[in-house]
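S.K.: Here's the letter readout for the chains.
2 protein chains.
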Amino acid sequence: MNVEIISIGDELLIGQTINTNASWMGAQLAANGIKVSHVVTISDTWEAITGALEEAHARNQVVLITGGLGPTKDDITKQVLCKFFDTKLVLDQNVLNHVTSFFTKRNRPMLETNKMQAMVPEACEVLFNEQGTAPGMWFEKEDTVFVSMPGVPYEMKFLMESHVIPRLIKKYPFKKLVQKTYLTQGIGESFLAEKISGWENQLRKEGLDLAYLPSPGMVKLRISSGSGDRARVASFGEELKQMIPLYLYGEEEETLPEVVGRLLLTNEETVGTVESCTGGSIMAGLTSISGSSAYVSGGLITYSNDLKIKLAQVNPETLEDFGAVSEETVLEMAAGGKKELNVDWCISVSGIAGPLGGSDEKPVGTVWIAIDGPERKVSRKFLFGTDRQRTVQMTVLTALNMLRCEILGINIEKKQD
Amino acid sequence: MNVEIISIGDELLIGQTINTNASWMGAQLAANGIKVSHVVTISDTWEAITGALEEAHARNQVVLITGGLGPTKDDITKQVLCKFFDTKLVLDQNVLNHVTSFFTKRNRPMLETNKMQAMVPEACEVLFNEQGTAPGMWFEKEDTVFVSMPGVPYEMKFLMESHVIPRLIKKYPFKKLVQKTYLTQGIGESFLAEKISGWENQLRKEGLDLAYLPSPGMVKLRISSGSGDRARVASFGEELKQMIPLYLYGEEEETLPEVVGRLLLTNEETVGTVESCTGGSIMAGLTSISGSSAYVSGGLITYSNDLKIKLAQVNPETLEDFGAVSEETVLEMAAGGKKELNVDWCISVSGIAGPLGGSDEKPVGTVWIAIDGPERKVSRKFLFGTDRQRTVQMTVLTALNMLRCEILGINIEKKQD
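Listed in order, the protein sequences are those of chains B and W. Take the first sequence: its position 347, counted from the start at 1, is 347 in UniProt numbering, and no numbers get skipped. Take the second sequence: its position 241, counted from the start at 1, is 241 in UniProt numbering, and no numbers get skipped.
Please keep in mind that the hints were generated in silico from the structure rather than gathered at the bench. Please note that a few of the clues may not be correct.
Note that the list lumps identical chains together, so a pair holds whenever it fits in one copy or between two copies.
Using 30 Å as the maximum straight-line C-alpha spacing, the simulated DSS-like pairs for lysine-lysine come out as follows [unchecked claim]:
1) Lys115 with Lys83
2) Lys339 with Lys362
3) Lys310 with Lys377
4) Lys377 with Lys362
5) Lys180 with Lys195
6) Lys105 with Lys195
7) Lys381 with Lys362
8) Lys105 with Lys377
9) Lys180 with Lys241
10) Lys171 with Lys141
11) Lys362 with Lys105
12) Lys115 with Lys362
13) Lys220 with Lys157
14) Lys205 with Lys115
15) Lys78 with Lys115
16) Lys83 with Lys205
17) Lys115 with Lys241
18) Lys83 with Lys141
19) Lys381 with Lys195
20) Lys141 with Lys115
21) Lys195 with Lys241
22) Lys157 with Lys141
23) Lys195 with Lys78
24) Lys115 with Lys195
25) Lys157 with Lys171
26) Lys157 with Lys35
So that you can see chain B by itself, here it is in the shape it has in the complex (with noise of 0.2 Å):
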């Protein structure tokens, strides 16, 4: 069984953009059992687009092709899909409802290039693109299937999950692959490997395997079994939750505005905050999920000194004799921010994101983070490097868990050595 994806686009080949979609396909599809054996980039010209069909015609049962689809004139590849099928361009009458009401809703007119976007080759299968205007072809050709998709991100990533994956399972039989993923925030990979190290010479001896993927401020960890052993998996798993509950806050594809927004939704409590550093971002987090106004009211974004005293009542000598970024200035924010906005809880943080502002004392990176919930307040100080981006995301990241813990009532202030 050999896939091939082939990446059309002369932004790929120059370096202006990286070459995402292949990894996340690949990703997804190995995740479904489905090994990938060729990446291919082309030009999208004539000449690279049809070489590289017979190529991968040569050697492949699957070839999913990304890119060269779009309104405008850059764009071939449906006459060479045409060609390399034998086949023309006809008018798909749904494919051009949809374009029409994907202009109607937005309130724009459409154009004659909209329009030739419901103009299909007559051989394939269209693939429903509810998130943009270009649809996905399916062809098959002497057992070899041919997938054409847009290279928007998200629309090919609709496709893929929507379509494509579901329909290449169904064709071929794959050997099952079960993982599950558990994500941990505020701990290094080698730490933590370090932490469960018995844990995992265990479930390697039973015949399962863990990947460590860190990525700033998180590490998931994802257990797999080649021989499909659910069950197994599964209760590792739960060992896993019992041995680092500061760490481990949720599973696959959950995120902390997700976990945290579900525990204040079942204790119906609200939430707030005032940022200075990270400048709304933990905000916007929270707010990323549908449904958050339930227990979301808003905050307040104090960056300078003179919205710390009038927004959340920060006392003006606390900020003179401690400075905006101290465990006192944090927790009066806290304390301002919940009252001014009402809530059960609010996370306050002051830090200096960098990359200038940083003195001996208080070194670019330095964040304190504190959270001013119904019983108790508690405040920390992080040093998170000297990366102004990686400050501010490692900070939301943080601060999220610390609310998790706060509800949950596990002990953020003692590390689980």
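Knowing the structure of chain B, use the given hints to seat chain W on it.
M.R.: Relative to chain B, chain W alone:
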């Protein structure tokens, strides 16, 4: 002149590692006038490597290979290379000395596998790898150059910069590829294409090329000249700027927060936000820029109606009569925020991010944006579709571009049609 990159490694095919090596190489080569025409990613098996070398040989003058070299896996790649170039492995004393000193300096014992790294194909010219133990290898076969490099990014980069690119430039007389990218916001790909079609036709007639690179809320336009005509590219760029000042906000890697921040700095003006559906994301964007405290004081996140009234002084009757998502409400939010935050410019937004909460009159994706400035206030309604995350992203970009236009005195009320 055809150049191909062959990336070897299973981790790339299953999406565990994103192929940033190929992007980096593509960008570096493009900057030197060398355009990559194929990137091929394969598994480290005898068949896959041999097949890729044969195909690449047939269609290229230069083939750059990364990966498949290293103490644990260089067996197979080096053996395939020996077979392909009809040669055998011999000991290279210089490489052996380098590998030995590499371990001596780090006070680590050298293993037999490390000594094997000094065995190189007799037919190649060794490219000295200062950064690691696997050397680069330069082969020539029937007018095609093949270069094999390790896949570790900093080792590959060292070899490319110190050896490969200088040698290629010396060996081949490249035509210089010149490119410039212009960034637009607020106009779809097909509308943009229609608006600039006369200009685009002229550009193509003069032998330049144009690519449309869309992403949510934005379209990048890349002008390129294969003959290195920098002046022609720049003059078409200047014309474009004059044609669509409402949409064209920057060049190359610039971001809207950067562009807006620079304008505010120059004018010595300040900005604040009153955000509902974006939950702080506009302010998070503005404060992502280092030094933004010079023009940012802070913002109000008024997710609930109560906070719209309490923090931004919106009249409760306005909310009752027109609803939270209305022109009347966003204008009052902007005016209230401007006063409360004591800023020169205040952006306010209120919308239905969805996927729930829409009505016939105000469907999901309806967003009102207002800007209250030193001299006047403006407001506009948008329909951004049903995807929550995308609506937030589009709202942030649109609001920042509206602010840019207001600061520059570009009339945003009238569409430039």
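S.K.: Indicate, hint by hint, whether the structure satisfies it.
M.R.: Hint by hint, here is what the structure shows:
1. For a Cα distance limit of 30 Å, the shortest separation of Lys115 from Lys83 inside one copy, 21 Å, qualifies, whereas the shortest one across copies, 53 Å, does not.
2. Taking identical chains as interchangeable, the C-alpha atoms of Lys339 and Lys362 lie at most 30 Å apart only when both belong to the same chain, with a minimum of 29 Å there against 33 Å between chains.
3. In this assembly of identical chains, the alpha carbons of Lys310 and Lys377 lie at most 30 Å apart whether taken from the same copy (22 Å) or from different copies (25 Å).
4. In this assembly of identical chains, the alpha carbons of Lys377 and Lys362 lie at most 30 Å apart only when taken from the same copy (23 Å versus 41 Å across copies).
5. Within a single copy, Lys180 and Lys195 get their C-alpha atoms as close as 20 Å, which meets the 30 Å cut-off; across copies the closest is 50 Å, which misses it.
6. With identical chains, the CA atoms of Lys105 and Lys195 are at most 30 Å apart between copies only, with a shortest distance of 22 Å across copies and 53 Å within one.
7. Proximity of Lys381 to Lys362 under the C-alpha cut-off of 30 Å is restricted to the intra-copy arrangement: shortest distance 11 Å within a copy versus 45 Å between copies.
8. Only between protomers do Lys105 and Lys377 lie at most 30 Å apart by alpha-carbon distance; the minimum there is 27 Å, versus 48 Å within a single protomer.
9. Taking the shortest alpha-carbon separations for Lys180 and Lys241, only the intra-copy value of 13 Å comes in at or below 30 Å, while the best inter-copy value is 51 Å.
10. Taking the closest pair of Cα atoms, Lys171 and Lys141 come within 30 Å of each other only inside a single copy of the chain (14 Å); across copies the shortest separation is 43 Å, beyond that limit.
11. Taking CA atoms no more than 30 Å apart as the test, Lys362 paired with Lys105 passes between copies only; the shortest distance there is 11 Å, against 52 Å inside one copy.
12. Only between protomers do Lys115 and Lys362 lie at most 30 Å apart by alpha-carbon distance; the minimum there is 27 Å, versus 59 Å within a single protomer.
13. In the homo-oligomer, the alpha carbons of Lys220 and Lys157 lie at most 30 Å apart both inside one protomer (21 Å) and across protomers (22 Å), since each shortest distance falls under that limit.
14. Taking CA atoms no more than 30 Å apart as the test, Lys205 paired with Lys115 passes between copies only; the shortest distance there is 26 Å, against 58 Å inside one copy.
15. Taking CA atoms no more than 30 Å apart as the test, Lys78 paired with Lys115 passes inside one copy only; the shortest distance there is 14 Å, against 53 Å between copies.
16. Only between protomers do Lys83 and Lys205 lie at most 30 Å apart by alpha-carbon distance; the minimum there is 27 Å, versus 48 Å within a single protomer.
17. Only between protomers do Lys115 and Lys241 lie at most 30 Å apart by alpha-carbon distance; the minimum there is 29 Å, versus 53 Å within a single protomer.
18. Within a single copy, Lys83 and Lys141 get their C-alpha atoms as close as 13 Å, which meets the 30 Å cut-off; across copies the closest is 35 Å, which misses it.
19. Taking identical chains as interchangeable, the C-alpha atoms of Lys381 and Lys195 lie at most 30 Å apart only when both belong to the same chain, with a minimum of 22 Å there against 53 Å between chains.
20. Proximity of Lys141 to Lys115 under the C-alpha cut-off of 30 Å is restricted to the intra-copy arrangement: shortest distance 28 Å within a copy versus 50 Å between copies.
21. Only within a single protomer do Lys195 and Lys241 lie at most 30 Å apart by alpha-carbon distance; the minimum there is 13 Å, versus 57 Å between protomers.
22. Taking the shortest alpha-carbon separations for Lys157 and Lys141, only the intra-copy value of 24 Å comes in at or below 30 Å, while the best inter-copy value is 41 Å.
23. When the C-alpha separation of Lys195 and Lys78 is checked against a cutoff of 30 Å, the pair qualifies only between copies, where the shortest distance is 24 Å, while the shortest distance within a copy is 54 Å.
24. In the homo-oligomer, the alpha carbons of Lys115 and Lys195 lie at most 30 Å apart only across protomers (17 Å), although the nearest pairing inside one protomer, at 59 Å, exceeds that limit.
25. In this assembly of identical chains, Lys157 and Lys171 lie within 30 Å of each other by CA distance solely inside one copy; the values are 20 Å within and 43 Å between copies.
26. Proximity of Lys157 and Lys35 under a CA criterion of 30 Å is satisfied in both settings, with 17 Å inside one chain copy and 29 Å between copies.
Hint compliance for this structure: every hint is met.
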